[in-house]
Every structure is written in structure tokens, then in C-alpha cells.
Amino acid sequence: DGGITQSPKYLFRKEGQNVTLSCEQNLNHDAMYWYRQDPGQGLRLIYYSQIVNDFQKGDIAEGYSVSREKKESFPLTVTSAQKNPTAFYLCASSSAGIPPYGYTFGSGTRLTVV
Amino acid sequence: EDQVTQSPEALRLQEGESSSLNCSYTVSGLRGLFWYRQDPGKGPEFLFTLYSAGEEKEKERLKATLTKKESFLHITAPKPEDSATYLCAVLPERGQNFVFGPGTRLSVLP
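Protein chains in written order, with my numbering: chain A, 1 to 114; chain B, 1 to 110.
These are computed hints drawn from the structure, not numbers from a lab.
All values reported here derive from a predicted model rather than from experimental measurement.
Every residue, glycine too, gets a C-beta built ideally from N, C-alpha and C.
Keep in mind that the hints are not guaranteed to be accurate.
Said to hold, decoys possible - Dumping the calculated DSBU-like pairs for lysine-lysine here, alpha-carbon to alpha-carbon at most 30 Å:
id: 1; chain 1: B; residue 1: Lys42; chain 2: A; residue 2: Lys83
id: 2; chain 1: B; residue 1: Lys42; chain 2: A; residue 2: Lys70
id: 3; chain 1: B; residue 1: Lys59; chain 2: B; residue 2: Lys79
id: 4; chain 1: A; residue 1: Lys57; chain 2: A; residue 2: Lys14
id: 5; chain 1: B; residue 1: Lys69; chain 2: A; residue 2: Lys57
id: 6; chain 1: B; residue 1: Lys42; chain 2: A; residue 2: Lys14
id: 7; chain 1: B; residue 1: Lys42; chain 2: A; residue 2: Lys9
id: 8; chain 1: A; residue 1: Lys57; chain 2: B; residue 2: Lys42
id: 9; chain 1: B; residue 1: Lys79; chain 2: A; residue 2: Lys9
id: 10; chain 1: A; residue 1: Lys71; chain 2: B; residue 2: Lys42
Stated by the list, open to error - From the derived model, a few chain A residues whose C-beta atoms are all more than 10 Å from chain B:
id: 11; residue: Pro8
id: 12; residue: Leu11
id: 13; residue: Arg13
id: 14; residue: Ser22
id: 15; residue: Glu24
id: 16; residue: Leu27
id: 17; residue: Ala61
id: 18; residue: Ser67
id: 19; residue: Thr77
id: 20; residue: Ala81
id: 21; residue: Lys83
id: 22; residue: Thr86
id: 23; residue: Ser95
id: 24; residue: Ser107
id: 25; residue: Val113
So here's chain A without its partners, still in its complex pose:
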């Protein structure tokens, strides 16, 4: 079955450490996204990519980095510059087209600073 796989499900980060969250999709979608979800807030966009080897900053990109070397993969690195990284991180993908289509989301990674 097609879908999006995020790993790991839970991740713990020490102070000053960089960590990488994995996101893989087999839906043949061109666009991929990273969102952060905090209690009581809407999903906030971190980075997005419409095509391979190209990506753009979202609303809260500071302290994060991404790469898009393959269509299927869009890993997110949470760097030590991100001062409040504890959150639920969601990866999504969508196909391009008109009318606009909804996202397919992964099951999320919960990141905790220890």
C-alpha cells in the first residue's frame, strides 16, 4: 500500500545535539512538507519542497534544515540552534494539480529534549 513513513516514532535530543527525522513516501507525489504541531496551535509549516533538489522555508524554518535528493525522501534535521524543539513533527506529501488536493500525512515523530 502507498503511504508516508516517518521514523522514528519517538526521539530524544540532548542539549546541543542535532537530530534527523526521516520521511519517505511511495505515492509518487512531487511535493513534500514538514509541519510542527504544538498543543492548542494549528500546524505550522517548517519547510516544503515542490521538486527534487529544491526547497523553500516555511513560517518557522529557523533552527531546522532539510534536503531533497530523491523524490521519495525529505529528511528534517533539528539543529542545536532550535531552542524549543520539543513538539510533534508531521511530514506530508501531495500531488500537484488543479483543483488543489489534500495532503497525505505520516504518523508523526514526537521529539523531546532531555
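Fit chain B to the supplied structure of chain A, relying on the hints for placement.
Frame of chain A, contents of chain B only:
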């Protein structure tokens, strides 16, 4: 600035007690409004897309409607398995990306 608000923040219903969730939006123009369901600790699951005022979509006990300023998600005779957080998102005409509301947390008690 494009904004999406949802009300109520949380809603408790008895099984079989019908109700509605509200999504109000302020955007320069609307390309689409999307409803998602999210279970605890999981990613959102797509439910409906609405593109123009007056449009309605139905799926089992859920019915979504759209006006020029808001959307309602009507839940008829809900069951405990309908308990989840329901997210609303809009895609503005001039934007590339969705604007999400904070969600409504629905609990249906047996």
C-alpha cells in the same frame, strides 16, 4: 493576514447526540477548504475538500458545508469511534500553502 479559527475548542457529546463544529476563515480568496481527522499520537487523515460556497460533502455520519466565511462539520448520531481532533485548513488563492486551524477535540461518550 490569512487566518483560520475553530470552535468550540473541545466538545463532549453523548452517543447519538448530533452537533456541529465550526471553522471560520479570513483569506483574500479561497482555493479550497479541507477537513482532517486526527487521532491522538497520529497524523491527520483527510476527510473532505470543499471548493465553493454552497458545496456540501458527506461521508458516513459526517457532512461538511461551506459558506463564504465559514465551514461546518455536522456530526449526526455520533459514535465513540468518532472521538478525535478535527482540523480545518484553507488554501488561499494567492498562497501556495495551507493555513491550519487549531482544531476541535471531540469526545463521544457511550
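Review point. What hint numbers does the structure not satisfy?
Key: Those not satisfied come down to hint 24.
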